[in-house]
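Colleague: Chains as they are written, first to last, in our numbering: chain A, 1 to 393; chain B, 1001 to 1395.
Treat the hints as calculated values from the structure; they're not laboratory data. All the given hints hold, so there is nothing to weed out.
Computed, partial: chain A to chain B, Cβ under 7 Å:
1) Gly197
2) Lys204
3) Glu209
4) Leu210
5) Ala213
6) Ala217
7) Ala226
8) Val227
9) Phe228
10) Glu240
11) Gly241
12) Arg242
Each computed SDA-like pair below joins lysine to any residue, with the alpha-carbon atoms no more than 25 Å apart:
13) B:Lys1152 / A:Thr224
14) A:Lys276 / B:Gly1359
15) A:Lys276 / B:Ser1358
16) B:Lys1152 / A:Ser187
17) B:Lys1152 / A:Ile189
18) A:Lys129 / A:Glu359
19) B:Lys1157 / A:Asp186
20) A:Lys339 / A:Arg295
21) B:Lys1334 / A:Asp229
22) A:Lys352 / A:Ala127
23) B:Lys1157 / A:Val268
24) B:Lys1157 / B:Ala1248
25) A:Lys352 / A:Asn313
26) B:Lys1157 / A:Tyr223
27) B:Lys1152 / B:Pro1176
28) B:Lys1157 / A:Thr190
29) B:Lys1334 / A:Asp230
30) B:Lys1152 / A:Gly236
31) B:Lys1152 / A:Asp229
32) B:Lys1152 / A:Asn232
33) B:Lys1157 / A:Ser187
34) B:Lys1152 / A:Asp230
35) B:Lys1157 / A:Ile189
36) B:Lys1157 / A:Gly236
37) B:Lys1157 / A:Leu192
38) B:Lys1152 / A:Asp186
39) B:Lys1157 / A:Thr185
40) B:Lys1152 / B:Gln1259
Even for Gly, the Cβ is constructed at its ideal location relative to N, Cα and C.
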Amino acid sequence: MSRKMIPVFVLLVIGALIVAACGQAATPTAPSGGGEEPPVVETVEVVKTVVVTVEAPAPAVTPQVQIQVAQAPGFGETLAAIQGRGNIICGVNGQLPGFSFLDPEGNFTGFDADFCRALAAAIFGDASKVEFRPATTQERFTILQTGEIDVLIRNTTWTLVRDSELGLNPTVTTFYDGQGIMVPTDSGITTLQDLEGGTICVQKGTTTELNLADVMATEGVTYTPAVFDDVNATYGAYGEGRCDAATSDKSQLVSVAKGLLPDPDNHVVMDLTLSKEPLGPVVRHGDDQWFDIVRWVVFATIAGEEYGVSSANVDEVRGSTENPEVRRLLGLEGDLGLKLGLTNDWAYNVLKLVGNYAEIYDRSLGPDTATFIPRGLNSLYTDGGALYSPPFR
Amino acid sequence: MEKSRSLRVQSSIPLWRDERFLRILGQAVFLAILAAILGYLTRNMLTNMRQQGLGLGFDFMRLTAGFDIGEHLIPYDRSSSFLRAYQVGLLNTALVGGLGIAFATILGVIFGVAQISSNFLVQQLARAYIEFLRNIPLLVLLIFLYTAVFIKLPRVKEAVMLPGSVLLTNRGVAIPWGIPTETFSLYVRILILGVFLAIAVGGLLAWYGRRTGRAPLTLLWSVLTLVGIAVVGWVALPDSPLTLDPPAVQGLRLAGGRQLSPEFMALLLGLSIYTSAFIADVVRAGIQSVSQGQVEAAKSLGLTTIQTLRMVIFPQALRVIVPPLTSQYLNLVKNSSLAVLIGYPELFHVSGTILNQSGRAVEMIALVMATYLAISLLTSALMNWYNRRVRLVER
Chain A
1 MSRKMIPVFV LLVIGALIVA ACGQAATPTA PSGGGEEPPV VETVEVVKTV VVTVEAPAPA
61 VTPQVQIQVA QAPGFGETLA AIQGRGNIIC GVNGQLPGFS FLDPEGNFTG FDADFCRALA
121 AAIFGDASKV EFRPATTQER FTILQTGEID VLIRNTTWTL VRDSELGLNP TVTTFYDGQG
181 IMVPTDSGIT TLQDLEGGTI CVQKGTTTEL NLADVMATEG VTYTPAVFDD VNATYGAYGE
241 GRCDAATSDK SQLVSVAKGL LPDPDNHVVM DLTLSKEPLG PVVRHGDDQW FDIVRWVVFA
301 TIAGEEYGVS SANVDEVRGS TENPEVRRLL GLEGDLGLKL GLTNDWAYNV LKLVGNYAEI
361 YDRSLGPDTA TFIPRGLNSL YTDGGALYSP PFR
Chain B
1001 MEKSRSLRVQ SSIPLWRDER FLRILGQAVF LAILAAILGY LTRNMLTNMR QQGLGLGFDF
1061 MRLTAGFDIG EHLIPYDRSS SFLRAYQVGL LNTALVGGLG IAFATILGVI FGVAQISSNF
1121 LVQQLARAYI EFLRNIPLLV LLIFLYTAVF IKLPRVKEAV MLPGSVLLTN RGVAIPWGIP
1181 TETFSLYVRI LILGVFLAIA VGGLLAWYGR RTGRAPLTLL WSVLTLVGIA VVGWVALPDS
1241 PLTLDPPAVQ GLRLAGGRQL SPEFMALLLG LSIYTSAFIA DVVRAGIQSV SQGQVEAAKS
1301 LGLTTIQTLR MVIFPQALRV IVPPLTSQYL NLVKNSSLAV LIGYPELFHV SGTILNQSGR
1361 AVEMIALVMA TYLAISLLTS ALMNWYNRRV RLVER
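Could you put the whole structure together from the sequences, leaning on the hints where they help?
Modeller: Pasting the structure below:
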């Protein structure tokens, strides 16, 4: 009898402990973990939670407190973490030649990859302190939300839902893109109406999938979508002739056609644009300092092009320039870098080690590369494009 | 002894030493712990989601889906709701599951019987088929069938026409298909009448057989009745109820007939042959479980091999076959979710798209799990009912 009782009592004690643990966990309304976590982590979480709960009745509080609240959640955390770690973790595509792709030496190259390097140059004065993290379409937002990466530079379209509901902050548009349709040259397809009754290869869970349905419904063209899980499956099937056409961002079509199809010259991107696709770096909600750093690093490359400062002449310009705006940009006047939480030579480092926007663009997408895309909208506003940096002041 | 025990109970053992009470207490405590853990996890998830500004609920299923689906058995377009998209996926799963079960069963029985054939070549071929298919992962088989077989078929311009006007291209396989004419609905009514008549004939003959002790060819006569009525109806109607629509190449596309996409074909073929290998072994084991004496007895009664199989072996083998067969059917339906990798829009594929476009991960995954659970329970309920019917009634 009494021996049988022992397990029962053990169970009872365990049960009581668990219930007690639950009760304790309930008090601080911490998002995850009960009493097992180290106390340091818990206090951080408590601070976060308090801030979030305060946000709702914020109007009732005095203005000074509001400013504090606006800055409090995670402000400066990302930069501190990056500096502590010694490198920046950058989420990239990894499958897109011209944007981010492994070269034969095993380095990530491309337009998106260079902006990751520009961030590292601004923070560390060393463009090589980047860890690239290839991400799929599906996981990209989750790994950013959970802090697995510091910034997502992965041909990601800026939309309202992503900006709000997904808890993300698109920073600046680095590449103005539009959705296009690629067809085999010998198919004779030139308009949307030619695609009547056809099949179109598209990637699953993307904005292009939705845009395609929108446009085809508006134009009254019936078609069959063939939906695939990743870049390689989509263009593999298209290359085999499974579909009449493939649709995606034009930049992706060009780079994929040049990089992944066996017969790139037999395919052409149709002369029509289905949608606006502004692509650029994305950070998560909650750290405004990091948000500012990422967007101003991009602006620094654009300003560099505007004032004719490149990696080749930046030292010379630094020694001779009289232009106050350039002097502020290069850290000769004022303390713009300190305001961002960086050093004053942050923009100098970006321009010296990575280059200005034109250099970054031409290195990966310029006329001398295999993945040439005309600059079009991605020219300075002075050249009829959409690139426009706010003043450095 | 008896008396003393009852006395002891009456002299009231303290509650905490009463074995019956402790047993119940133990179970109650276990349940309480389980509920506490589950409740804790759920509350944790809800707190997390509230902090990210997400709510739980299925209201979003009424929102506009916004994406298109390649193959749908019910009307669907981009302005349909997420719920409709989900139903499209569910029906596609049902289609591939139903056809897959039918084909896998037929192939499985054939190869199962062939495996114990006395013909050496037939036996070895069946063994090779089963061993090959059973020992490669289904996912590998599906991707092989899709990327190395169906996508590699000739392009539309060089389409291959098989006898019976079946077109083979890498856009899919097109088979001839009937198009209903005005008399089609009338013909359907004639067919329904034929089915009823066939059942009546079968019932009558079975009753007659039981009365006289002679075995009339019940099945043959009822099928003949149905076929006879079908043929007479077809000829008697002024217009034939279906016109045959053979597929053809029209420009760069296929036109006419019934077009089956490469994704569908690869999935159906892969699931069917993969599962058939397992079913073949189940069938073989079932047949071998019938004792040799039964076969010898049947032979000495003068039954032919086919008759022996049909009337002696199978009825007894079924009780061994049906339970493992049920789990093979369940596997087939669940394995259809692997289609997500070759792009056939079945339940899991469409749910993934809904999840991605609506951002409702928890709800969609829960819904998918509940749906597969329901399909599996339904299938096994049907098979259990059938199992009770074929069970050996011991007298």
